[in-house]
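Assembly of the complex is requested from the two constituent chains, each provided in isolation within its own frame, with the hints serving as guidance.
These protein sequence lines map, in sequence, to chains B and C.
Quick note on our numbering: the first sequence kicks off at 1 and runs consecutively.
Quick note on our numbering: the second sequence kicks off at 1 and runs consecutively.
Misleading hints may appear alongside valid ones.
As the list claims (entries may be wrong) - Once the Cα atoms are required to be at most 35 Å apart in a straight line, the calculated DSBU-like pairs of lysine-lysine come out as: (1) Lys41(C) to Lys147(B); (2) Lys147(B) to Lys223(C); (3) Lys186(B) to Lys57(C); (4) Lys121(C) to Lys185(B); (5) Lys57(C) to Lys147(B); (6) Lys223(C) to Lys185(B); (7) Lys186(B) to Lys38(C); (8) Lys33(C) to Lys90(B); (9) Lys121(C) to Lys45(B); (10) Lys186(B) to Lys41(C); (11) Lys90(B) to Lys45(B); (12) Lys121(C) to Lys186(B).
What the hints assert, rightly or not - Rough simulated footprint, nothing fancy, chain C against chain B, three-plus residues with beta-carbon under 8 Å: (13) 56-67; (14) 74-85; (15) 101-114.
Claimed, not checked - Partial list, derived from the structure: chain B residues whose beta carbon lies under 7 Å from chain C: (16) Ile117; (17) Asp126; (18) Glu127.
Calculated directly from the structure, the hints in this document are not laboratory data.
The C-beta atom is built at its ideal place from N, Cα and C for all residues, glycine as well.
Below, each chain spelled out in residue letters.
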Amino acid sequence: MTTAIEVQGISKQFVLRHTRSLKEAFIWLIKGRKGDLSEKFHALKDVDLMVEQGETVALLGFNGSGKSTLLKHISGVMIPDTGSVRTRGKVAGLIEVGAGFHHDLSGRDNVYLNGAILGMTEAQIDERFESIIEFAEIGQFIDTEVKFYSSGMYLRLAFSVAVHTNPEVFLVDEILAVGDEPFQKKCIAKIQELAAEGRTLVVVSHDLDLVARICERGVVLDHGEVTFDGGIHEAVAKLRGA
Amino acid sequence: MKTKLLESTKDDLVRPGTSGGLADVYRERFLLKLLVRKELKVRYRGSVLGIIWSYVKPGVQFVVFYLALGVFLGMEQSSTNKGGLANYAIYLFSGIILINFFTEALGNASRSIVGNGGLIKKIYLPRQLFPVASVWVSAVHFFPQLLILVVACLFSGWHPSLLQLLAAVAGFVIVALLSTGLGLLFGAANVYFRDSENFVDMLLMIATWASPVMYSWTMVQHKLGEMWYSIYQVNPITIAVETFHYAFWLPTTDGSAGIPPHLLSLWIPVGLVVSAAVLLWGQLTFRRLEGRFAQEL
Ligand SMILES: Nc1ncnc2c1ncn2[C@@H]1O[C@H](COP(=O)(O)OP(=O)(O)O)[C@@H](O)[C@H]1O
Ligand SMILES: [Mg+2]
Numbered sequence: 001m002t003t004a005i006e007v008q009g010i011s012k013q014f015v016l017r018h019t020r021s022l023k024e025a026f027i028w029l030i031k032g033r034k035g036d037l038s039e040k041f042h043a044l045k046d047v048d049l050m051v052e053q054g055e056t057v058a059l060l061g062f063n064g065s066g067k068s069t070l071l072k073h074i075s076g077v078m079i080p081d082t083g084s085v086r087t088r089g090k091v092a093g094l095i096e097v098g099a100g101f102h103h104d105l106s107g108r109d110n111v112y113l114n115g116a117i118l119g120m121t122e123a124q125i126d127e128r129f130e131s132i133i134e135f136a137e138i139g140q141f142i143d144t145e146v147k148f149y150s151s152g153m154y155l156r157l158a159f160s161v162a163v164h165t166n167p168e169v170f171l172v173d174e175i176l177a178v179g180d181e182p183f184q185k186k187c188i189a190k191i192q193e194l195a196a197e198g199r200t201l202v203v204v205s206h207d208l209d210l211v212a213r214i215c216e217r218g219v220v221l222d223h224g225e226v227t228f229d230g231g232i233h234e235a236v237a238k239l240r241g242a
Numbered sequence: 001m002k003t004k005l006l007e008s009t010k011d012d013l014v015r016p017g018t019s020g021g022l023a024d025v026y027r028e029r030f031l032l033k034l035l036v037r038k039e040l041k042v043r044y045r046g047s048v049l050g051i052i053w054s055y056v057k058p059g060v061q062f063v064v065f066y067l068a069l070g071v072f073l074g075m076e077q078s079s080t081n082k083g084g085l086a087n088y089a090i091y092l093f094s095g096i097i098l099i100n101f102f103t104e105a106l107g108n109a110s111r112s113i114v115g116n117g118g119l120i121k122k123i124y125l126p127r128q129l130f131p132v133a134s135v136w137v138s139a140v141h142f143f144p145q146l147l148i149l150v151v152a153c154l155f156s157g158w159h160p161s162l163l164q165l166l167a168a169v170a171g172f173v174i175v176a177l178l179s180t181g182l183g184l185l186f187g188a189a190n191v192y193f194r195d196s197e198n199f200v201d202m203l204l205m206i207a208t209w210a211s212p213v214m215y216s217w218t219m220v221q222h223k224l225g226e227m228w229y230s231i232y233q234v235n236p237i238t239i240a241v242e243t244f245h246y247a248f249w250l251p252t253t254d255g256s257a258g259i260p261p262h263l264l265s266l267w268i269p270v271g272l273v274v275s276a277a278v279l280l281w282g283q284l285t286f287r288r289l290e291g292r293f294a295q296e297l
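Same shape as in the complex, but just chain C (with noise of 0.2 Å):
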């Protein structure tokens, strides 16, 4: 065994169909670039509008959640409103545009390994390309979502430091440790379940209420008490969406608001460390399904 392991080149005999997990998703990159590309330009084939569209759904949802949160609901600050939120337009936008990556890519990471079907039953190649790509896609369409906040915010006299970007970062990271790991997760159980796509549709409608995109934290605070507050909090997305909170919106406002306690000590490491879990979880569950999705799809 020893002496096969030394002497293996690239001339051995090997094992047609092993997979060595997200190791082969870096190896195969230039197609992982090239099915992203053809993910971009398949999804607005035909539509004068193209991408623009990825600017135009969160317009109309942020104008719509804003009107009927924000101003009927009384979640904007105003003078005849001292409760509320100091620049409620933005604190809600930053979520929303992390929750819109997240519903994205899981959405279509979980609908990948089924979609492509006909490819997977018929060639090797490595499988944890899909849900890899279609997070990537939603990150492209991400960005431009953030360019748009970045913009609002820097017209709403933006002053961020260092570490409230770096925060920012970590968010987006957890967020995008976390997609990658479910899609992986659901993809491969999409094969053998179909359920497993309407169950992540359903879990994707909690995500949006289960975190502060509308609301504020204090809120869930006040109601729950400490104890189920902590378990609230310890939801990844929750915490993601704390930073974008901390990055875009605090320092547009007058900073009285505050953030929750220990986000940056406690939360955001254990934001990294579940979402790094959820991923490995995923990838392990995958590689142990994937042997079986030519034969089943």
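Isolated chain B (complex conformation) (with noise of 0.2 Å):
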């Protein structure tokens, strides 16, 4: 088996509160700027995560436990303070829907922008443009703004392009919940269309039915520290025994 997630006791600490006072600020660097002066709290805390190719992971959690913040660490948006973070092929995120799509541009100039910006290059959006706008049902509204467009659709095309991508890992955060019955089911397919080519998932959503469907391995994490490691049905019923 081939390692395609390799995340080695990575910390993550993220500031509290940033300086109360200037006059606190002033005695710290009078005092030799001893301790620190800003408080800390670990969002992530010695975490550890082998993925390997193929695997179907769902990060799971309360609120605040961090599952974000590992999945921005396995995307690169986020370096970790100690610890490393290794990936094996392109990885695509879906870390929030439409992340780089731009309101005042027509559907069409989105799709390239954000195949762009997930990596694409300019031919394989061109070779895909047709599949991508049919995957979404977006038709005739392909060259209206996006502003116009209703939430659904929106998600519907973000979604699409970013499935478009071809990554060998992908990264999906809370965005399964949105979306129309016909459109979510339709998702849940494409994934599990993924998932049997082989390809990497670390989906992380609040849906335990759906992410048990989904995925295999469960990980639980519970204020920055996995908790628990293995079978999707023993974490769902450890969260939500807890």
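Shown next, in the form of structure tokens:
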């Protein structure tokens, strides 16, 4: 088996509260910068995670447990304070729906812009364009500005661009809850198809039944620490029990 | 380690989020193109005149300055005002378009990282793209103005030499390098201290007056003396403005006004070196700071 994602002992601290006052900052400076000026907390604490190619992993945990932060480290948006993250092949993240979308551009322009942001070349986008709008069911609205789209259309287009990047590793954060029933089914089918093709998935969702259907493995995070790593059903049971 | 380098292929385990600096910008030139296009489209959305605004604004600015400085304050040479500058309108405009380029490029580049924070926080992409795209957009706005200048020059009997045109290209390169370098520097600093964009605004106000856009370099030399004048000359913007005077204004006059001594042999190379050094500095600072962009934004 080849490793797709290798997270080794990463920790990440965030600042809880910035410098309280100029006076405190001044005293801190005079005292030779001893200690920390601002309060910090661990958003991730000594997290290890090895994901093999083709594995489907759900990250579970309550709000603020560090799931999004961990995904951001895997995608390279954030750099750990200590430890190391390494990935193999192209990683595409749907960290938030349509992060790279611009409201004043047409659907078409957004497909190109977002596709390029997610690492596609011009030729790849040209080639997959038809397939992207077909999957998104955008049809004649493709040349309409995105700000006039319904939130469902917006989501569909964003999702469609992301799945068409053909990533080896696909990161999905809390997006499956949006969209109407039929499209949600279609997204899930697409994600399962990606998994069947042997792509690696890391999914964050609050819908435990849903992730249990998509993923085989569950990793539970609690206050930045991995408290469980194993089969998805045990992970879900653990979270429900807790 | 050595074998690792040799075996390094596309399919190796790699550290995500490792920046290759400006080389990444070149690699992602398609994305750069789209970002520039987006900026141009979004800038003029819902406006009737659209990109014509980038002609109207400098046009109005020019008329105001010309009347106030050229006519009222007597910078323009005429039969009653022998001490003025011949063809002051062209003198003024050739400097203004370069300063406009610098102002827009640096102003927007300094805001570009914070302005694209939503994206930077969520998706990894080479962040240098944003300041570079800002400079590029400003260059797109610069060229129509240059066109107007050239037309005005042609009406005034412009006959430039190849050397003069090359000097203008060097002047443009100096400003482009300088604004990219400072844009990277202040764009990164702005993430941590929002004071930085206000500081840039102040800097830009000074830039207009700290180079011979509205007045002549000889006035500075007379007032400051040689030593201070040399310091004044080191400013890359001053050098760039002088190259534009040399290329566009001088060939429309009888050439008696002359250009600052050693402009070609000394000051253009100095300007290029200073701007390149600023670019290097900006790039190094940016790379040192960018690792924490996502969490600070
Ligand atoms: N850039 C940031 N600066 C400071 N604190 C942050 C930042 N990003 C996230 N946090 C905090 O880190 C914790 C984990 O956040 P997150 O990973 O988003 O949790 P979740 O598991 O809900 O996705 C939360 O307490 C959040 O407030
Ligand atoms: Mg989250």
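Evaluation of the provided hints:
| no. | hint | result |
| --- | --- | --- |
| 1 | Lys41(C) to Lys147(B) | 15 Å, holds |
| 2 | Lys147(B) to Lys223(C) | 57 Å, violated |
| 3 | Lys186(B) to Lys57(C) | 51 Å, violated |
| 4 | Lys121(C) to Lys185(B) | 29 Å, holds |
| 5 | Lys57(C) to Lys147(B) | 29 Å, holds |
| 6 | Lys223(C) to Lys185(B) | 77 Å, violated |
| 7 | Lys186(B) to Lys38(C) | 31 Å, holds |
| 8 | Lys33(C) to Lys90(B) | 22 Å, holds |
| 9 | Lys121(C) to Lys45(B) | 21 Å, holds |
| 10 | Lys186(B) to Lys41(C) | 33 Å, holds |
| 11 | Lys90(B) to Lys45(B) | 26 Å, holds |
| 12 | Lys121(C) to Lys186(B) | 28 Å, holds |
| 13 | 56-67 | violated (count 0) |
| 14 | 74-85 | holds (count 8) |
| 15 | 101-114 | holds (count 6) |
| 16 | Ile117 | 6 Å, holds |
| 17 | Asp126 | 11 Å, violated |
| 18 | Glu127 | 14 Å, violated |
Checked against the numbered hints above, the structure violates hints 2, 3, 6, 13, 17 and 18; every other hint is satisfied.
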